[in-house]
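Student: Sequence:
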Amino acid sequence: MKIARRDAAGLATNRGVCFASCTVIDDQLAFIDLVSESFAEEAPPAARLAHLTQQTLKRFLPGTRLLRHVCSELGRSGVEFRPLLRRDIHAPDEPKDPALPFFSPEMVFAIEPVSAELNRRLRAEPEAWIQYHLSRLMAEEGYLDSEVYRKYMIPSGFEDAWVCSRVIEENYVITLVAPRDIGAPQLSDSQKEIIATLSSLGGPIWLEVAKRPLITANLLKAIHGLTEIQTQVLRHALTGLPEKMIAAMTNRSPHTIHNHLRDLYRKFDISSRSELLALRLDGDEADG
1 MKIARRDAAG LATNRGVCFA SCTVIDDQLA FIDLVSESFA EEAPPAARLA HLTQQTLKRF
61 LPGTRLLRHV CSELGRSGVE FRPLLRRDIH APDEPKDPAL PFFSPEMVFA IEPVSAELNR
121 RLRAEPEAWI QYHLSRLMAE EGYLDSEVYR KYMIPSGFED AWVCSRVIEE NYVITLVAPR
181 DIGAPQLSDS QKEIIATLSS LGGPIWLEVA KRPLITANLL KAIHGLTEIQ TQVLRHALTG
241 LPEKMIAAMT NRSPHTIHNH LRDLYRKFDI SSRSELLALR LDGDEADG
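Quick note on full-length UniProt numbering: the sequence shown kicks off at 1 and runs consecutively.
No wet-lab data here; the hints were simulated from the structure. Quantities reported herein were computed from a predicted structural model and do not represent experimental measurements. Mixed in with the good hints, there may be bad ones.
Stated by the list, open to error - Ranges between beta-carbon positions, derived for each pair:
(1) 256 to 121: 34 to 42 angstroms
(2) 255 to 184: 43 to 51 angstroms
(3) 127 to 229: 45 to 53 angstroms
(4) 193 to 274: 36 to 44 angstroms
(5) 189 to 123: 23 to 31 angstroms
(6) 267 to 184: 21 to 29 angstroms
(7) 272 to 250: 18 to 26 angstroms
(8) 269 to 121: 41 to 49 angstroms
(9) 190 to 127: 36 to 44 angstroms
(10) 185 to 225: 53 to 61 angstroms
Virtual Cβ for every residue (Gly too), placed ideally from N, Cα, C.
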């Protein structure tokens, strides 16, 4: 089992051999452009997305082309959208382990108050689409009176959002959120249908992308004999979270997290977070 680093283009290399075909590279770059424009406010760098999507695109090239077409149609309709992918549908029955590599830390907190109710509805009808106006759900759950709403949602300039959620692969939920600016009209039925279609097509792709940090962390744990807390820190670090957020999510101090990361860098013979994000496991083992 080898560890390969990436070249400047973000493609995995080992002894000078590129593992991606030219076709994959072309589609990968186009997909990076698409996701960079469409995901969270704090869009990840292209090299980070290249790292996470390379193996995914090898499996989903036909679906990716169709996804790009649907996104193009959605773009012409003037609808902005942002995907969320969570692995806490069974919470609080199971520990939370969110897979949110493309979402800002603030939005992780912002979605918490409504996720429990959403999980309850999805557990009740795991085969069904859950579609709703976010303001309606927030009102039902008292979210409109919360500090999170005042701190994160009001300053965003969004008045409401249309949300479409479904369960994929048992534990994961893919949600597309189409925010509505203050004073903007509600989405039409055809626009809502486009979002539902996009969620159906994009769910497997985003699931594979988001699971990559978890798979990488588990394999690095096996290779290097990492402790449980080191593995937790590594999982969060691979999703790009800052040290303060990792500290909050692991109930440790930022200083402790910094020391854990320094020890991990030493184990992996690297010196920075950017080098950590550029690591991938080589060969079939990387497919988990």
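Student: For each hint, tell me whether it holds in the structure or not.
Tutor: Hints, verified against the model:
1. 256 to 121: 34 to 42 angstroms: At 37 angstroms between Cβs, range holds.
2. 255 to 184: 43 to 51 angstroms: 45 angstroms, holds
3. 127 to 229: 45 to 53 angstroms: Violated, since residue 127 and residue 229 (Cβ atoms, about 37 angstroms apart) do not stay within the stated range.
4. 193 to 274: 36 to 44 angstroms: 40 angstroms, holds
5. 189 to 123: 23 to 31 angstroms: Distance hint for residue 189, residue 123 holds at roughly 27 angstroms.
6. 267 to 184: 21 to 29 angstroms: For residue 267 and residue 184 the Cβ distance comes to about 50 angstroms; the hint is violated.
7. 272 to 250: 18 to 26 angstroms: Hint holds: Cβ distance 21 angstroms, inside 18 to 26 angstroms.
8. 269 to 121: 41 to 49 angstroms: 47 angstroms, holds
9. 190 to 127: 36 to 44 angstroms: This hint is violated: roughly 24 angstroms between Cβ atoms.
10. 185 to 225: 53 to 61 angstroms: Hint holds: Cβ distance 57 angstroms, inside 53 to 61 angstroms.
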